[in-house]
Amino acid sequence: MNHDFYSYEAYLERYKTFYDEEGDNRPPILEREQFFRLLQLLKESYETYKEMAQLGHMEQAANYYSSVINDLENKLAIADASDNFDVKLTHF
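Quick note: the sequence shown uses UniProt numbering, first residue 1, plus one each step.
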């Protein structure tokens, strides 16, 4: 697990990399406090996703991933946070 991943500075670097051109539907840059709040929410969302999958609610888990987790990852400029939150994703 890369602990630098969780820093606001690492987020700013990822943002510049992922959203390097204007007009690419990029979200606004988060303030430091917003970043940490959304990062915590993403972690909790992955836990919820994992619980749904473990209970066999695969369709609900897939919908939850696409409607909640994907949006948070985009706002946080993260391609896939599951590795950093130690979550094994089930591919649908």
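Worth flagging that the hints you see were computed from the coordinates, not collected in a lab. Worth double-checking, as some hints may not be accurate.
Said to hold, decoys possible - Calculated pairs, DMTMM-like style, for lysine to aspartate or glutamate (alpha carbon to alpha carbon, straight line, at most 25 Å): (1) LYS43 / GLU13; (2) LYS50 / ASP71; (3) LYS50 / GLU13; (4) LYS75 / GLU51; (5) LYS75 / ASP4; (6) LYS16 / GLU31; (7) LYS50 / GLU21; (8) LYS16 / GLU51; (9) LYS50 / GLU73; (10) LYS50 / ASP4; (11) LYS75 / GLU13; (12) LYS43 / ASP4; (13) LYS43 / GLU73; (14) LYS75 / GLU31; (15) LYS16 / GLU73; (16) LYS43 / GLU9.
Hints versus structure:
no.: 1; hint: LYS43 / GLU13; result: holds, 20 Å
no.: 2; hint: LYS50 / ASP71; result: holds, 17 Å
no.: 3; hint: LYS50 / GLU13; result: violated, 28 Å
no.: 4; hint: LYS75 / GLU51; result: holds, 23 Å
no.: 5; hint: LYS75 / ASP4; result: holds, 18 Å
no.: 6; hint: LYS16 / GLU31; result: holds, 15 Å
no.: 7; hint: LYS50 / GLU21; result: violated, 34 Å
no.: 8; hint: LYS16 / GLU51; result: violated, 33 Å
no.: 9; hint: LYS50 / GLU73; result: holds, 16 Å
no.: 10; hint: LYS50 / ASP4; result: holds, 24 Å
no.: 11; hint: LYS75 / GLU13; result: holds, 13 Å
no.: 12; hint: LYS43 / ASP4; result: holds, 16 Å
no.: 13; hint: LYS43 / GLU73; result: holds, 10 Å
no.: 14; hint: LYS75 / GLU31; result: holds, 11 Å
no.: 15; hint: LYS16 / GLU73; result: holds, 15 Å
no.: 16; hint: LYS43 / GLU9; result: holds, 19 Å
Comparing the model with each earlier hint shows violations of hints 3, 7, 8; every other hint is respected.
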